[in-house]
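S.K.: If you're matching them up, the sequences are chains A and B in order.
FYI, in the working numbering the residues of the first sequence are 1 to 346.
FYI, in the working numbering the residues of the second sequence are 1 to 236.
Because the hints were derived from the structure by calculation, they are not lab data.
Some clues are possibly wrong.
Said to hold, decoys possible - Okay, derived cross-link-like pairs now, DSS-like style, lysine-lysine, Cα gap no bigger than 27 Å in a straight line:
hint	chain 1	residue 1	chain 2	residue 2
1	B	Lys-162	A	Lys-270
2	A	Lys-152	B	Lys-199
3	B	Lys-167	A	Lys-270
4	A	Lys-152	B	Lys-167
5	B	Lys-199	A	Lys-174
6	B	Lys-210	A	Lys-117
7	A	Lys-164	A	Lys-75
8	A	Lys-152	A	Lys-71
9	A	Lys-128	B	Lys-199
10	B	Lys-210	B	Lys-195
11	A	Lys-152	B	Lys-162
12	B	Lys-210	A	Lys-174
13	A	Lys-187	A	Lys-174
14	B	Lys-167	A	Lys-174
15	A	Lys-152	B	Lys-195
16	A	Lys-71	A	Lys-117
Said to hold, decoys possible - Listed below are several chain A residues computed to face chain B (Cβ distance under 8 Å; list not exhaustive):
hint	residue
17	Thr-64
18	Asn-65
19	Leu-66
20	Lys-71
21	Arg-72
22	Asp-74
23	Thr-76
24	Phe-77
25	Pro-115
26	Lys-152
27	Asn-156
28	Leu-157
Here a beta-carbon is modelled for each residue, glycine too, at the ideal position from N, C-alpha and C.
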Amino acid sequence: MSVLMNVWKRTANLISIITALEYAGQKLLPAVWACNCLKNSIRLTVPALVLALLIPSGLEAQTTNLHVITKRLDKTFQYQDSYEVNIEGEKADVSIETWGKSEIALSVEFISKHPDKATAEADIEQMKYIAERVRNKIYIRNYISVPEGEPKPASNLSARYVVKVPESCPVYLKNYFGTANVINLAKRFRYQGEFSPVGLENIQGSIDLSTRFGDISGKGIDGDVTISSRRSDITLEEIKGRYTINANYGDVRILSASAGLLDLNITGTKSNIFLFDSKLFDYGYALTAQHGNIYFPSNLKMEFLKNTDEIKKVEFQPRAEYYPHVTISVTFGDIYLEKDKPGNRR
Amino acid sequence: MTEQNRTTLQGALAKLPVYSPPSKCWDSINIGLGSPVQEAALEQAIAKLPDYAPSPQNWSEITAALDAEASAPSFREALEALPQYSPPDKVWEGISRNINRPVRRFHISFLTKVAAAAALLIGLWWAWPSQDGGERFSEAYAFTQETTNSDFNPEADWEQDKQLMQKAVQEFRRDPVAQQLPDYDLLLSEWSALKTAQKEIADMMDRYGKDARLVRQMTEIERERSGLIREMIAQI
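For reference, chain A alone in the conformation it holds in the complex (with noise of 0.2 Å):
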């Protein structure tokens, strides 16, 4: 501030100069001119010099200086064939991997943050895991337990989670505000989450996907695929195998189609699907729009079999004897069929 306070006053003087420069040739006219454009600039320069020291200062004073308690647990189980891992994470990201070993691997961080140490190491604790097998599952849990007549944690917490499991080995993981991210599983994935966005990628067998405020992307998923959605919106690149897909109040754009796609059968309300691929002339389809619009290439000869404001219908075979069938239904909804996804147009 005493900068500051210097600042002000060489300005003052220096405009007192100025003015008395002034007014001592008031008769010649450009020195006038010259001493006015100078106070001028002055008057608008010092200010915003000034402002601009002052904002940084502003700011400086509501920087936070939190502390960081970060609490790991890593442990071990031997895998079997017929075993299975279930989690329940909460307010936790999750990342499934898959490894050559015979192990599953599971590394848990539990943080804690605060602008007080001892707030945020005594809240730590508050966070409790569970990871054990009992008979063919291992169950991995974390949650929060307060004692009774203790107060609430105060700080910010949150847990992370890195699995590690050989690739047959099943998945049933559940998820409530936070994020998960599956690669490389190759036998079972179940899903159930709940505000938490999921990526997944290189999924094979049954896989059935349960999401609520989370949006699912994939790419390279292969096989009996469930997919049910609320509230979110579901990308998928490089389908494969066969797709029952159900979507509430959230788009589902798949963006491209791998060979071995069998059946895509989507269902929507309030929801946009769109379907980009170029192969879109070698599948049959059935399209049913209510209170929406099918919008397709000029060149895919559709045959309209409902045109109406309130309903859409169309339908279309390939020649080939064997194709893949594309259902989709919207409600309060739109349908797209593009040869080029959204990035590749011209």
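Once you've looked at the hints, dock chain B against the given chain A.
M.R.: Relative to the frame of chain A, chain B by itself:
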């Protein structure tokens, strides 16, 4: 008496054929002997037999004679002259095993108990959360410090327009024109779903703190709620 043609007789006897009765003969005999009728007759006959008891004097005389014989010098000498034999160890081991036979029965019973206990323990182990043979566990703490410019505990301002929003929903619910809309029920159920979601996020904030991610999720829900309210108002 001497047989005159002994050799001839022996030869003739040796040539006699041997007959063994068929097995059913023995079976019949066995059945006959073991039949209840036969046994009853036998028991009746035994019951009719007279009982004879020796006089007490007989027993006294037998005892006296035995005592006299044992105390006789010739008998004692004969006893002393008897050779002494010590049995091999195997004999004692055999005797010992026979003596310990009741104890063995105890062992069997004890083993049964042990087996039952083991079966119980295996059952508990099967049902109980178990520690894997290859299970490994470790725990560690770390401390760091981070500086943030964001508000650690932002104000929960999402409740400020609660009454206004509820009023709009009530108006929409009662409006006769809105009630004719095809998505009338859908809008109301959506409102209910968003309200539930808002409460869930608020609960999480209460338990885990108001971190940026939760605030962002709450913001999205509030935006959706605002959009829904605008949609409802437009229909009234």
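S.K.: Each hint needs a verdict: does it hold in this structure or not?
M.R.: These are the hints, each one checked on the structure:
1. B:Lys-162 x A:Lys-270: This hinted pair holds, its Cα atoms lying about 25 Å apart.
2. A:Lys-152 x B:Lys-199: Satisfied, since the Cα-Cα distance of roughly 18 Å is no more than 27 Å.
3. B:Lys-167 x A:Lys-270: Satisfied, since the Cα-Cα distance of roughly 25 Å is no more than 27 Å.
4. A:Lys-152 x B:Lys-167: With a Cα-Cα distance of about 34 Å, the restraint between Lys-152 of chain A and Lys-167 of chain B is violated, given a limit of 27 Å.
5. B:Lys-199 x A:Lys-174: 20 Å, holds
6. B:Lys-210 x A:Lys-117: Between Lys-210 of chain B and Lys-117 of chain A the Cα gap is close to 18 Å, so the pair holds against 27 Å.
7. A:Lys-164 x A:Lys-75: 11 Å, holds
8. A:Lys-152 x A:Lys-71: 19 Å, holds
9. A:Lys-128 x B:Lys-199: 24 Å, holds
10. B:Lys-210 x B:Lys-195: Roughly 18 Å between the alpha carbons, so the hint for Lys-210 of chain B and Lys-195 of chain B holds.
11. A:Lys-152 x B:Lys-162: 26 Å, holds
12. B:Lys-210 x A:Lys-174: Given pair Lys-210 of chain B, Lys-174 of chain A holds - Cα atoms ~22 Å apart, limit 27 Å.
13. A:Lys-187 x A:Lys-174: 18 Å, holds
14. B:Lys-167 x A:Lys-174: It is violated: about 37 Å lies between the C-alpha atoms, which goes past 27 Å.
15. A:Lys-152 x B:Lys-195: 24 Å, holds
16. A:Lys-71 x A:Lys-117: 14 Å, holds
17. Thr-64: This interface hint holds because 5 Å falls under the 8 Å limit.
18. Asn-65: 6 Å, holds
19. Leu-66: 5 Å, holds
20. Lys-71: At 5 Å from the nearest chain B Cβ, Lys-71 of chain A passes the 8 Å test, so the hint holds.
21. Arg-72: Holds, because the Cβ-Cβ distance from Arg-72 of chain A to chain B comes to roughly 5 Å (cut-off 8 Å).
22. Asp-74: Holds - the Cβ of Asp-74 of chain A comes within 8 Å of chain B, reaching about 5 Å at its closest.
23. Thr-76: 4 Å, holds
24. Phe-77: Cβ of Phe-77 of chain A sits 5 Å from chain B, so the hint holds.
25. Pro-115: 6 Å, holds
26. Lys-152: 7 Å, holds
27. Asn-156: Interface hint status for Asn-156 of chain A: holds (4 Å vs cutoff 8 Å).
28. Leu-157: 5 Å, holds
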